[in-house]
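There are 2 protein chains.
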Amino acid sequence: MRIESVALDNADPLATYREAFDLPQGLIYLDGNSLGALPRAVRDTLSKTVEVEWGQDLIKSWNTHDWINLPESVGEKIAPLLGAESGQVICTDSTSINLFKLIVAALQLRPGRRKILSQVDNFPTDLYMAQGIEALLGADRAQLVTVSAEEITASIDAETALVMLTHVNFRDGQIHDMAGVTRAAHEHGALVLWDLSHSTGAMPLALDALEVDFATGCGYKYLNGGPGAPAYIYVNRGHQDEAVQPLFGWMGHADAFSFSPDYQPAEGVWRFVTGTPSVIAMQALSAALDLFAGIDLEQVRQKSEVLTTRFIDSLVDCPELELISPAAAAARGSQVSFRHPQGYAIVQALAAAGVIGDYRDPGILRFGFSPLYTSFTEAEEAARLLRDILTSQSYLEPAFQVRQTVT
Amino acid sequence: MRIESVALDNADPLATYREAFDLPQGLIYLDGNSLGALPRAVRDTLSKTVEVEWGQDLIKSWNTHDWINLPESVGEKIAPLLGAESGQVICTDSTSINLFKLIVAALQLRPGRRKILSQVDNFPTDLYMAQGIEALLGADRAQLVTVSAEEITASIDAETALVMLTHVNFRDGQIHDMAGVTRAAHEHGALVLWDLSHSTGAMPLALDALEVDFATGCGYKYLNGGPGAPAYIYVNRGHQDEAVQPLFGWMGHADAFSFSPDYQPAEGVWRFVTGTPSVIAMQALSAALDLFAGIDLEQVRQKSEVLTTRFIDSLVDCPELELISPAAAAARGSQVSFRHPQGYAIVQALAAAGVIGDYRDPGILRFGFSPLYTSFTEAEEAARLLRDILTSQSYLEPAFQVRQTVT
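Protein chains in written order, with this note's numbering: chain C, 2 to 408; chain V, 2 to 408.
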């Protein structure tokens, strides 16, 4: 017998978190994998940051409100979500910039090896950053090699300096075997760099236990830090004495306020910071992260699996939707992706009906489920509306066929 | 006869701008060269950005509120402050990161040359970024050479790829001769990169007219964009087809939403963007920049010169203060720096008396004058309080001798 969504919502230990978010009435928001919703606490924190800290306390806030330590204090809030002990995570720059730092640091830890192994269908910016390094350092020092997801492990060899992968694929939501790939890389003397943008906050992670070398990820998806929120870097303690990143900035200096003319990298993960970060953006992310303080990520993951499974199951009678996410919940991130030739128009028609998903070429409808604010009732209602749109073919209306810049 | 400060304030065409800022009652804030004050409009814009754009309109704000074009739309607001025609300025990342992009782009435009010429006393992060490039590319491709301010022009030679200078020195406020240095660099086939962090918004600039190649600068000093506000990049149109920066990110791609696996740099200055920027930080800076829309920078500069000159003149009877800023107003940015062995304690004692300046090793007291909100009366009062503290030696109180992390 199928369990009612209402019953699941009533029994959901995470249900109370919905109230912590400021979501529009009546909207079913299934795009938290692209931009997380606004936590109410962020609104209040930003008022204080702007009006009191900046407006009234001005420059002295670098001390009195500890702005100067935000990269570390925000990083420390992210660490438990990664399964990382203290002192290994720092909040800084964007995911793209951080990939550059980490790829170069990894290449320098593996002199004589030049291969950066990744997946053809990795998120483009990850590949672009490696291509930029290849162009800058030359093919004798860096060479990006991309293979399919299935070929990764077999492609790691003695030439491989770094295996760089996005843990949960942005398009289809497929999860890589982090334990297996990391182990295989280490067996060949290679390092690993995981992009956790689509994982962090949606599932437990165990970077320390798996002896991951490096990781990065953004703050604006399941972490709800706001549009373009700062990203973070994880550097395993075992590499912190040797790993140096090439973007030498004043905030990553061993003694930033000495204003010494020579760069000396700071101890530990601080050396992965470069210039002055946006305090406003950092404080927003910091407040958003406080929501995770009491949360059991195993519960988050369990709810996520049930949400995505039920959503898929509700749509099995729509053969025109090709499921491109893994059918097995364990292999799937907190998103469901389908392919349909009219994918773009269907996403538009759904938005008009009050369900926000998003679209990615070619023909892919993506639906993200944020266990902190997505209810079982919403997932069911979204599936029902999607089925109605497919049945009625209302997506063929001209208004839904016009392409906009984004989503 | 000495003109009264009150009379100058009454005649000041910029006096009304003070009301546009949310400054604490009774505080004399002379640190706008480090962190600009809070424009009231920023407060309102941020409420709207957070509550309406993020909170209610969510992901679709990338289109409907044109978040996607913020790097360009904010850049276009900065362009007139630089004396730059449209299409050459983009808002992105931090000054440090942008220096990296521009130094590497410049080196690639001058193959066979490796010398990056700068000033010993340049802002440390500028030197560090060049040192990072040197370490990354090797001494045969990049070599930082630093000389004193006076030796710059004579040190430019046929080996020089790039002359990289901060236009207004952070410590003493000395202004480089941008026209002369740029001309000398070009005569030797070298390029120039100006860091305008301490200039923009405080004086007119003429990048196009002087045929400057590259420039960058931060958004949080005289531009009042908030702590750690995003920085900008200027790329002279003449270099835009050839110059490529190495931090290949998805937002700098020719067709960002194609999610193509191969990087193709965007047309024009957009290729200098890397990853997703903080929308909140960008919108804050955008609102702050609107203040400059009707402003004549010649008036700003004139007021700045009178403010700093009168401040210096009010303290000529304090021989224990060694003026390290240029005595000639034309050679001085919008700041006044003195040296005193008890500099740190004096800055603390002044803060206790309601005057915020800042301190930089070794022994330097810095006072910034922001013509948009600093009045002549305040400058006079600050000088009087500083003189009192020096006379009474109240700075010797133990509380003023304790060093904090910052300022």
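Read the hints as simulated data drawn from the structure, not as lab findings. The structure presented is a predicted model; accordingly, all values stated were derived computationally and were not measured. Each hint should be verified, as a subset may be incorrect.
When chains are identical, the list treats them as one kind, so a pair holds in a single copy or across two.
When the alpha-carbon atoms are kept at most 30 Å apart in a straight line, the in silico BS3-like pairs for lysine-lysine are as follows [claimed, not checked]: (1) 61 - 116; (2) 78 - 116; (3) 61 - 49; (4) 116 - 49; (5) 78 - 49.
Verification of the supplied hints:
1. 61 - 116: Cα proximity of residue 61 and residue 116: none, with 47 Å in one copy and 39 Å across.
2. 78 - 116: This pair counts as neither: shortest intra-copy Cα distance 33 Å, inter-copy 43 Å.
3. 61 - 49: both (15 Å within a copy, 27 Å between copies)
4. 116 - 49: neither (47 Å within a copy, 47 Å between copies)
5. 78 - 49: Answer is both; intra-copy 20 Å and inter-copy 27 Å each pass.
When the structure is compared with the earlier hints, violations turn up for hints 1, 2, 4 and for no others.
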